[in-house]
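Spelled out from the first residue to the last, the chains are:
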Amino acid sequence: MPQLRDSDVWVNQAVQAAGIGIWSWDIAHDRIEISESGLVLHGLTADKAVNYRAWLMTLHMDDQEPAHQAIQRTLDERTDYLNEYRVVHPDGSVRWISCKGRGHFDEAGNPSRLTGVLFDITAHKQAEQALKDQHLVLVHMARVSALGELSGALAHELNQPLTAILCNAQAGQRFVTQALPDGDELRAILADIAADGLRAGNVVSRLRGLFKKGEAVQQALNINALVEEVAQLLRSDLVIKQVSLLLHLGADLPKTMGDPVQLRQVLLNLITNGAEAMAASAACPRRLQIGTSLHDAYSLEVNVRDTGPGIAPQMLEQIFEPFITGKPQGLGMGLAISRTVVAAHGGRLWAENVPEGGAVLRFTLPIMTELDP
Amino acid sequence: MTSAPTVFIVDDDLSVLKSLGRLVRSAGFHVAAFCSANEFLGCPKDDVPGCMVLDVQMPDLSGLGLQQMLSASGQGLPIIFLTGHGDIPMSVRAIKAGAVDFLTKPCEDKKLLAAIEQAIAIDMEARRVQADGAELQHRFSLLTQREREVCCHVVAGRLNKQIAYDLGTCEQTIKVHRMRIMEKLRARSLAELVMLAREVGMTPPAK
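Going down the list, the protein sequences come from chains S and D.
Position 105 (the first sequence) corresponds to 146 in our numbering; numbering is contiguous.
Position 49 (the second sequence) corresponds to 73 in our numbering; numbering is contiguous.
Bound-form chain S, shown alone (with noise of 0.2 Å):
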């Protein structure tokens, strides 16, 4: 097959057969070359000349910046170019590209063009994009059947205000058909329905902040009002469970960046594993402990201590593998997926016995630095 010798045919039917794009930047002369699949792959046609600019409009309006600081990176370093970025098609529709380069310099150091390749990974984003999709999923139905367990408590913890109110109003009723009302009492009164209605309304935010569901978003945290916010709504299932609770909360911590609603989900997990590990067994005290403090320069950690009977030594990891419970109606997926959010914040969590007895979770977060958005 002696026309196989022929470099640019050979060359070019490897590069169609394999759908890959081959362009070059010619950088003086501001010229782009582009091979006819790379051109399909940017939305472009043969019959107009392509610059840097005309190349760079046609990426995603989010992905121009980081694409343009990528190439100037690869110039100024003389390290290989690697970016992967968005299309917008004229029809509207998106390809995710991945584009790989080399930068070539002149006897003055230079460049003077730009070489590579580009290829179609939309495919591949769109599974990495539904892997993450179903993630979330799995992890938001796992927040709502551990909630689903709580309901009874959750339901007590919004019914004491409710209790307050109405006696209020029923006493207050009562007062004012006396022949002498009670100003006093009656201002008293209002005063307490006023309190009670927001504490209400405070439970329902609180568990608002659980049930969300959605895209996980990054934001800046204080971990102590996480936790607190978190222990109060455990309030009545802790005391049903006969549990008494101690917060041992650092002062002045950094912030932390994170999901609030999976970072919420995590001290659930972790607080009713402890208290129910404690209340499966008549025998021991019932004391959990929530601690938060600086774990290095670089990190927090939250510590829940349970005095409970504490874990075999051989299951100190496997309690973080799915479908591993102690529990008769557990799914055993509330650790494997709180490691799985703390490991998606950059932290790590872990679980170690206690020796005056119980056990102890604890996970780190990683400090929020000025270069966080």
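Simulated from the structure, these hints should not be mistaken for lab results.
Values in this document were obtained by computation on a predicted structure and should not be read as measured data.
Treat the hints with care, since some could be wrong.
[Said to hold, decoys possible] Examples of chain S residues toward chain D, derived with CB under 7 Å: (1) 151; (2) 153; (3) 155; (4) 200; (5) 201; (6) 204; (7) 205; (8) 208; (9) 212; (10) 216; (11) 217; (12) 218; (13) 235; (14) 237; (15) 276.
Even for Gly, the Cβ is constructed at its ideal location relative to N, Cα and C.
With chain S held as given, fit chain D onto it using these hints.
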């Protein structure tokens, strides 16, 4: 025991405790409020008539636990349980242990106040029965050994003549004893005497 009935309320939720106290006061009862079972136990109280309104779920010592402790120590006002999270086994347990009622929060005021009235009535009746019993015991304690002996025979339906024979004395003496017994026990008829004797558990003489 002239003091007005007092409703003792125990609930760990301060706003619920306060509002319950107000509601009960608005219906004209005295209220003593406590935010935990231990606070209630630790507080010295006069032995006044009344009842208790207890929250079931409380930290440390639950309402049901407090009920057990109180009934074990023999001091017990009638109890009404209030719960936000009650189930049937829990209410059965409470009622079996003597609770007057088991209500769910939030609770209609009429229901709660009716239960409180009922509980106080139960307490008053128990106090009256107890006081009557103590009074009767006192009257019987005034009897001499001999009078007690004669009384046993009388309530067993024996004639003076037979009693005199059994106890080796004369009929006239028995008549005197009998008169004194009626006086001391303030019985106006033989039928009443028999009833009183039964109330204190007096048994007929061994044959």
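Verification of the supplied hints:
1. Look at residue 151 of chain S: its Cβ only gets to about 75 Å from chain D, farther than 7 Å, so that hint breaks.
2. Of the supplied interface hints, the one on residue 153 of chain S is violated, with its beta-carbon coming no nearer than about 77 Å to a beta-carbon of chain D, more than 7 Å.
3. About 69 Å separates the beta-carbon of residue 155 of chain S from the nearest beta-carbon of chain D, more than 7 Å, and the hint is not met.
4. The restraint placing residue 200 of chain S at the interface with chain D holds, with a minimum CB-CB distance near 4 Å, inside the 7 Å limit.
5. Given the 7 Å rule on beta carbons, the hint for residue 201 of chain S holds: about 5 Å separates it from the nearest Cβ of chain D.
6. At its closest, the beta carbon of residue 204 of chain S sits 4 Å from a beta carbon of chain D; the interface hint therefore holds under the 7 Å criterion.
7. For residue 205 of chain S, the suggested interface contact is upheld, since its CB lies about 4 Å from the closest CB of chain D, less than 7 Å.
8. Hint status for residue 208 of chain S relative to chain D: holds, with the closest Cβ pair at about 4 Å, below 7 Å.
9. Below 7 Å, beta-carbon pairs count as interface contacts, and residue 212 of chain S has one with chain D at about 4 Å; its hint therefore holds.
10. Look at residue 216 of chain S: its Cβ gets to within about 5 Å of chain D, closer than 7 Å, so that hint holds up.
11. Given the 7 Å rule on beta carbons, the hint for residue 217 of chain S is violated: about 10 Å separates it from the nearest Cβ of chain D.
12. Against a cut-off of 7 Å between C-beta atoms, the interface hint on residue 218 of chain S is violated, since the closest Cβ of chain D lies about 9 Å away.
13. With its C-beta approaching chain D no nearer than about 11 Å, residue 235 of chain S sits outside the 7 Å limit, and its interface hint is violated.
14. With 7 Å as the threshold, the beta carbon of residue 237 of chain S comes within range of chain D, its nearest partner Cβ sitting at about 5 Å, so the hint holds.
15. Because the beta carbon of residue 276 of chain S sits about 9 Å from the nearest beta carbon in chain D, more than 7 Å, this interface hint is broken.
The structure fails hints 1, 2, 3, 11, 12, 13 and 15 (numbered hints given earlier, in ascending order).
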